[in-house]
Amino acid sequence: MSTPTTTQRAGTPGTPGTPPAPGPFRAARLSPQRIGALGRAELTLLLRNRTALVMAVLVPIMLTFSIRSAAQQADLSGTGLSVATTVLPGSVGMVLLFAVYSNLIGVYVARREELVLKRLRTGEATDAEILGACALPAVVIGVAQCVLLLGGGAVVLDAGAPARPDLLVVSVLLGLALSAVLAAASTAVTKSSEMAQLTPMPLMLVTFAGSGVFVPLEVFPDKLAAVCEWLPLTPVMELLRSAWTEQLSGAGTLRALGIALAWIALSWFLVRRYFRWEPRR
Amino acid sequence: MTFVMDTDDVPHCRVPRGSVSLDGMDAIEVEGLRRRYSADSKGEGFEAVRGISFSVREGEIFALLGTNGAGKTSTVEVLEGLAPATGGSVRVLGLDPYTQRTAVRPRTGVMLQEGGFPSELTVAETARMWAGVTSDARPPAEALELVGLGARRDVRVKQLSGGERRRLDLALALIGRPEVLFLDEPTTGMDPEGRRDTASLVRRLRSEGTTVLLTTHYLEEAEQLSDRLAIMQAGRIVAAGTAEQVAASRPSRITFRLPAGVPAERLPEDWRGAADGQKVARRTHTLQEDLTGLLLWARDTGVALEGLHARSASLEEAFLEIAEEGHLRAGWGDDAGTAGFADPASAGRRAGHGNSNEKTGVRA
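Sequence order for the protein chains is A and B. Using numbering that gives the first Met the number 0, read the first sequence as starting at 0 and increasing by one per residue. Using numbering that gives the first Met the number 0, read the second sequence as starting at 0 and increasing by one per residue.
Honestly, the hints are just simulated from the structure, not real lab data. Computed from a prediction, not measured in an experiment: that's the story for all the values here. It cannot be assumed that every hint is accurate.
[Said to hold, decoys possible] Only part of the chain A face toward chain B is listed, based on derived beta-carbon distances under 7 Å:
| no. | residue |
| --- | --- |
| 1 | 36 |
| 2 | 49 |
| 3 | 50 |
| 4 | 53 |
| 5 | 67 |
| 6 | 112 |
| 7 | 113 |
| 8 | 114 |
| 9 | 118 |
| 10 | 122 |
[As the list claims (entries may be wrong)] Using 30 Å as the maximum straight-line C-alpha spacing, the simulated DSS-like pairs for lysine-lysine come out as follows:
| no. | chain 1 | residue 1 | chain 2 | residue 2 |
| --- | --- | --- | --- | --- |
| 11 | A | 190 | B | 157 |
| 12 | A | 117 | B | 278 |
| 13 | A | 190 | A | 117 |
All residues carry an ideal CB built from backbone N, CA and C; glycine is no exception.
Please put together the full structure from these sequences, using the hints given.
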């Protein structure tokens with residue numbers, strides 16, 4: 000199966016353009032102590048940033064309610080879906096987009112603007128540890144919200160226990176990782192903190208429209224749905240939904256996993272290649 | 000001074016720390032370093048460092064001077080391992096700071112030109128975070144005490160003054176007890192007291208064996224603090240050595256006024272061109288000889304020279320002249336940079352061995 004993402008990955012081994020020195024981008028060994036120290040500082044900063052905190056914590060919950068009212072009005076007959084199996088994946092989508100993706104773009108850009116990233120790179124922490132630690136509080140909040148929204152939503156909307164809890168866990172984890180790496184990659188085209196308000200918009204809009212956050216792909220015409228399957232967050236939504244509905248076949252599940260992993264790999268490649276550690280002068 | 004061997008006259012032969020037994024080992028070696036910034040959409044990029052060489056011995060304080068844009072920070076960033084060299088080679092503690100970063104980082108401390116700290120963290124939180132990413136770190140409180148920030152521990156970084164931020168930055172650079180310390184304009188924004196404290200702290204670190212590479216705008220700081228220094232101009236080292244040596248490479252200055260009624264024509268022949276009305280100013284590389292001639296002439300003719308002033312060039316004068324020559328050379332070609340200066344490579348590498356030139360300072 001040859002896809003745009005996989006061919007691009009295969010066609011660009013190593014890090015061309017950067018010096019051919021052995022391993023300038025070190026990701027081999029992660030130190031829990033260093034990630035813990037940086038993550039703790041990052042959490043303190045998030046708790047002191049009211050705007051970011053509201054965006055990360057309250058907005059996904061509020062939007063989940065609006066998904067519910069949209070789903071209650073939508074015609075879901077013939078799709079095999081219920082309000083619950085529409086709202087639950089959608090709420091995770093909101094968490095990924097607001098608590099993780101959008102929030103982290105702001106975090107990475109702010110740390111870059113304040114020269115924190117550059118300063119940290121003069122120390123012992125590796126690049127992966129720095130990026131990972133910056134993402135840690137957002138990911139922790141994201142996990143907590145997913146537990147809250149999925150658990151609470153399943154009870155309120157009477158969804159029952161998921162048939163495939165393993166898919167549920169895997170897709171949430173994949174979604175968190177993908178959103179974090181996508182955020183880091185997106186900062187390459189974000190020049191300032193002001194721009195960081197705008198950068199998340201394209202992915203958000205595309206995801207709202209095409210990844211089944213508000214409206215499940217099952218409602219779409221087949222051709223459009225086939226295109227939308229390749230969007231970054233679509234596989235996460237599909238896998239989540241399938242955790243309750245078991246709508247994906249074995250091959251379909253693998254395919255969705257493959258697309259999600261391909262997006263993570265592509266984004267990580269973009270981060271390695273284009274991530275800027277200090278502001279442009 | 001510490002660790003200076005007293006057995007013979009070999010200069011700069013220090014007892015190195017640790018198990019290394021080579022005498023006078025270089026903690027930092029720079030050989031033909033070039034750094035080019037990658038091209039943007041237009042143009043071919045900019046070469047900020049154009050082939051410089053120097054070395055810093057263990058336990059030495061070395062200062063890089065230069066006007067803004069001379070290439071100091073671009074050089075230091077390569078040494079810190081933040082960027083690869085475009086050409087030439089760089090060794091810190093015998094290792095490549097970029098590719099062997101994991102081995103080098105635990106042994107170096109870095110203070111960037113501009114601190115990079117989240118403004119919403121307190122001083123103590125920042126120090127704790129930094130200690131958490133540093134192996135064998137000092138306790139954060141101890142590091143803050145070193146730079147006199149102990150009383151400000153609960154203040155947010157955004158509320159610190161510029162000088163206090165530099166102190167915090169220095170505290171973090173010292174938290175891992177580094178063997179090699181990079182200080183990029185450490186005292187910019189500090190008040191005189193802060194600069195004095197920093198200078199004495201840096202001296203103390205040297206006495207404990209730390210190697211220090213610093214850049215600075217303050218020439219007196221470089222003069223007082225550094226064992227050796229190099230002046231950069233447009234990406235090249237244009238003068239290097241001890242502060243005295245660099246100053247001595249510039250001409251000395253003799254100035255006086257002729258009393259009214261003594262026309263310049265009465266001066267010895269070789270002095271007449273230096274006169275402007277009654278004022279006479281002359282620059283010379285042979286201060287003692289010229290001054291002797293002048294004073295003998297004055298005694299023989301009974302002329303009293305008013306406001307006689309004779310002195311060798313200061314580092315500041317040397318620096319300003321070099322900067323000015325750089326401006327005059329606007330649009331310099333690729334090898335114009337070193338013209339007219341002492342060979343920078345040899346001067347930079349072993350300037351300590353040169354016999355010091357004329358250091359006469361005469362006031363009358």
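>> Hint compliance check: list the failing hint numbers for this structure, sorted ascending.
In response: 2, 3, 4, 5, 6 and 12
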